[in-house]
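J.: Heads up: the protein sequence lines correspond to chains R and G, in order. If you read the first sequence in this note's numbering, its first letter stands for residue 1, the second for the next number, and so on. If you read the second sequence in this note's numbering, its first letter stands for residue 142, the second for the next number, and so on.
Accuracy of the hints is not assured; some may be wrong.
To be verified - In the DSSO-like style, the derived pairs of lysine-lysine whose C-alpha atoms are separated by at most 30 Å in a straight line are:
| no. | chain 1 | residue 1 | chain 2 | residue 2 |
| --- | --- | --- | --- | --- |
| 1 | R | Lys7 | G | Lys373 |
| 2 | G | Lys592 | G | Lys145 |
| 3 | G | Lys301 | G | Lys439 |
| 4 | G | Lys331 | R | Lys38 |
| 5 | R | Lys38 | R | Lys125 |
| 6 | G | Lys592 | G | Lys362 |
| 7 | G | Lys151 | G | Lys592 |
| 8 | G | Lys514 | G | Lys145 |
| 9 | G | Lys151 | G | Lys514 |
| 10 | G | Lys331 | R | Lys125 |
| 11 | G | Lys439 | G | Lys592 |
| 12 | G | Lys145 | R | Lys91 |
| 13 | G | Lys298 | G | Lys151 |
| 14 | G | Lys362 | G | Lys439 |
| 15 | G | Lys298 | G | Lys145 |
| 16 | G | Lys226 | G | Lys301 |
| 17 | R | Lys7 | G | Lys362 |
| 18 | R | Lys7 | G | Lys331 |
| 19 | G | Lys298 | R | Lys7 |
| 20 | G | Lys301 | G | Lys151 |
| 21 | G | Lys145 | G | Lys301 |
| 22 | G | Lys145 | G | Lys362 |
| 23 | G | Lys301 | R | Lys7 |
| 24 | G | Lys298 | G | Lys362 |
Rather than coming from a laboratory, the hints here were simulated on the basis of the structure.
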Amino acid sequence: MSGVFTKSMARNIFYGGTVFFFLVFLALTFDSHREFPKRDNSHNLTPEVIAGKKIWETRNCIGCHTLLGEGAYFAPELGNVYPRRGPDFIKAWMQAQPTGAPGRRQMPQFHLSDTELDQLVAFLKYTSEINTANWPPNIEG
Amino acid sequence: MQYKTQAVAKPYFVAAIGLFVGQIIFGLIMGMQYVVGDFLFPEIPFNVARMVHTNLLIVWLLFGFMGAAYYMVPEESETELYSPKLAVALFWIFLLAGAATVLGYLFVPYATLAEMTGNDLLATMGREFLEQPLPTKLGIVVVALAFLFNITMTVLKGRKTAISTVLLIGLWGLAIFFLFSFYNPHNLVKDKYYWWWVVHLWVEGVWELILGALLAFVLIKVTGVDREVIEKWLYVIITLTLVTGIIGTGHHYYWIGAPEYWQWWGSIFSALEPIPFFAMTVFAFNMVNRRRREHPNKAAVLWALGTGVMAFLGAGVWGFLHTLAPVNYYTHGSQITAAHGHMAFYGAYVMVVLTLISYAMPVLRGRAANSNKAQVVEMWSFWLMTIAMVFITLFLTAAGILQVWLQRVAEVPMSFMATQDQVALFYWMREWSGVVFFIGLVLYIVSFFIKGETRTATR
Numbered sequence: 001m002s003g004v005f006t007k008s009m010a011r012n013i014f015y016g017g018t019v020f021f022f023l024v025f026l027a028l029t030f031d032s033h034r035e036f037p038k039r040d041n042s043h044n045l046t047p048e049v050i051a052g053k054k055i056w057e058t059r060n061c062i063g064c065h066t067l068l069g070e071g072a073y074f075a076p077e078l079g080n081v082y083p084r085r086g087p088d089f090i091k092a093w094m095q096a097q098p099t100g101a102p103g104r105r106q107m108p109q110f111h112l113s114d115t116e117l118d119q120l121v122a123f124l125k126y127t128s129e130i131n132t133a134n135w136p137p138n139i140e141g
Numbered sequence: 142m143q144y145k146t147q148a149v150a151k152p153y154f155v156a157a158i159g160l161f162v163g164q165i166i167f168g169l170i171m172g173m174q175y176v177v178g179d180f181l182f183p184e185i186p187f188n189v190a191r192m193v194h195t196n197l198l199i200v201w202l203l204f205g206f207m208g209a210a211y212y213m214v215p216e217e218s219e220t221e222l223y224s225p226k227l228a229v230a231l232f233w234i235f236l237l238a239g240a241a242t243v244l245g246y247l248f249v250p251y252a253t254l255a256e257m258t259g260n261d262l263l264a265t266m267g268r269e270f271l272e273q274p275l276p277t278k279l280g281i282v283v284v285a286l287a288f289l290f291n292i293t294m295t296v297l298k299g300r301k302t303a304i305s306t307v308l309l310i311g312l313w314g315l316a317i318f319f320l321f322s323f324y325n326p327h328n329l330v331k332d333k334y335y336w337w338w339v340v341h342l343w344v345e346g347v348w349e350l351i352l353g354a355l356l357a358f359v360l361i362k363v364t365g366v367d368r369e370v371i372e373k374w375l376y377v378i379i380t381l382t383l384v385t386g387i388i389g390t391g392h393h394y395y396w397i398g399a400p401e402y403w404q405w406w407g408s409i410f411s412a413l414e415p416i417p418f419f420a421m422t423v424f425a426f427n428m429v430n431r432r433r434r435e436h437p438n439k440a441a442v443l444w445a446l447g448t449g450v451m452a453f454l455g456a457g458v459w460g461f462l463h464t465l466a467p468v469n470y471y472t473h474g475s476q477i478t479a480a481h482g483h484m485a486f487y488g489a490y491v492m493v494v495l496t497l498i499s500y501a502m503p504v505l506r507g508r509a510a511n512s513n514k515a516q517v518v519e520m521w522s523f524w525l526m527t528i529a530m531v532f533i534t535l536f537l538t539a540a541g542i543l544q545v546w547l548q549r550v551a552e553v554p555m556s557f558m559a560t561q562d563q564v565a566l567f568y569w570m571r572e573w574s575g576v577v578f579f580i581g582l583v584l585y586i587v588s589f590f591i592k593g594e595t596r597t598a599t600r
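Let the hints inform the model, and build the full structure from the sequences given.
T.: Laid out in structure tokens, this is it:
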């Protein structure tokens, strides 16, 4: 930090650099939006899937599980639970909770109706069909 | 204290520390549930404990930031706060809203809470860290805007310094990017894409400006180094932060359905994110080495140096560890992420808030520094909490490496739960480190009540 490099130069580089890189970020975001339809499985966003997403949110599933790797790390990844377990297993599993096995991690009982379970499964199926660049590395998530 | 309205900072600091205690208690509960799965079930399921743990962290850091702003800005602007009454009113509103939210999490089933609070009008709940009911989210916006109005008016009527400018940009950015928490599209990819505009652009963006401003302020005070030098460093550091951090957001876009070029943009820019943290470490040590005075508050100097080191380790080194796309492919969403999250939040944000409290609280209580006895206890708490956090991070990293190996790399991958059983030993060691952390925190609070010879306030 010699005397040649002044505070106002540092300030100008800060403003200039920030604005420039934020604009680059916005441009990349703009381009991402053009690419999304090819990858995000949005053509399968049915009313059932949308209802399922809301069930997913209002039961705070993300508080224990990960979805596409994001969330809590206490319970299995569910982005690929549909291919891993299949719809019937998922529904039966939800209905059987909590297991009550002593000392084991417990999942609450959410008392979802059959329709709601189908909606949740539809959401998980939709999620599993998003193009995630082959993540996770294997079916165990 | 130079300006009497700085006193409004005190309740903010007290509340911050109180909520910090709550955060750690819930952390210990969760750590226990990792090894004794049915601990406190069904009274406090893991997801509820986690909401409380993370939301308390965010809220108490916000209390810390706001208290810091109320303390710093009058002194930087050389004028009284625009409206101390507004600051006091906002304190109570924010505290009550925060308490009501946490009680809601604990005593009302989350789906019912969502129904009661208008989630059907605008669904924003149930996303990690943004679990707050709609009224709480709106409350945060209102409190933030009123707070910003108060601070901005104070800066406008007084002296404008680089520190207060950077602090203001950081705080305004915090409020603006929070608005993305109201955007929750049905399309999961877009939902996740913009969720990061809150989370990443907060903690790896604008919050770092706040961090820099707080650290610079304390360093000026305790070292007496020329403001021109410190403020030049500040600009350089935050330039590096935003130049690397904004596009660094891309390291969250690898596996959520965004275009694959983000693997390049994210890897390259986020690989540079440790640089500003390294600069911050060099900055803190450099300034302390070039100090022109011996400030009697040794504890504050220790916290300031600790912030530099731990932020670099937690955010810089542990961030870099898993930020490159080919590595992240295996580590994404594992205990490695948890390890990084813990040390980064502690090293950067917890420690900088404690640095400022350590410097400001004695002044608010009418002395330049606490007694030697009190400072010794505070320094013990520094070392206990910091070393405990290092071990929490190391154990979670060990758990994460094993987890990645068994579940994702091995030829015959294990299921998630079978893997968890294999790494339980590390979770136990993490929990014991957490107990040590809690002891450190208790000691920290004790240090506020230790009397003894104090120096009278200088200036």
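J.: Now tell me, hint by hint, if it's right for this structure.
T.: Right, here's what the structure says about each hint:
no., hint, verdict
1, R:Lys7 <-> G:Lys373, "holds (5 Å)"
2, G:Lys592 <-> G:Lys145, "holds (24 Å)"
3, G:Lys301 <-> G:Lys439, "holds (29 Å)"
4, G:Lys331 <-> R:Lys38, "holds (13 Å)"
5, R:Lys38 <-> R:Lys125, "holds (17 Å)"
6, G:Lys592 <-> G:Lys362, "holds (24 Å)"
7, G:Lys151 <-> G:Lys592, "holds (19 Å)"
8, G:Lys514 <-> G:Lys145, "holds (28 Å)"
9, G:Lys151 <-> G:Lys514, "holds (22 Å)"
10, G:Lys331 <-> R:Lys125, "holds (17 Å)"
11, G:Lys439 <-> G:Lys592, "holds (16 Å)"
12, G:Lys145 <-> R:Lys91, "violated (62 Å)"
13, G:Lys298 <-> G:Lys151, "holds (23 Å)"
14, G:Lys362 <-> G:Lys439, "holds (12 Å)"
15, G:Lys298 <-> G:Lys145, "holds (17 Å)"
16, G:Lys226 <-> G:Lys301, "holds (23 Å)"
17, R:Lys7 <-> G:Lys362, "holds (19 Å)"
18, R:Lys7 <-> G:Lys331, "violated (40 Å)"
19, G:Lys298 <-> R:Lys7, "holds (23 Å)"
20, G:Lys301 <-> G:Lys151, "holds (24 Å)"
21, G:Lys145 <-> G:Lys301, "holds (19 Å)"
22, G:Lys145 <-> G:Lys362, "holds (18 Å)"
23, G:Lys301 <-> R:Lys7, "holds (14 Å)"
24, G:Lys298 <-> G:Lys362, "holds (23 Å)"
The structure does not agree with the numbered hints 12 and 18 stated previously, though it agrees with the rest.
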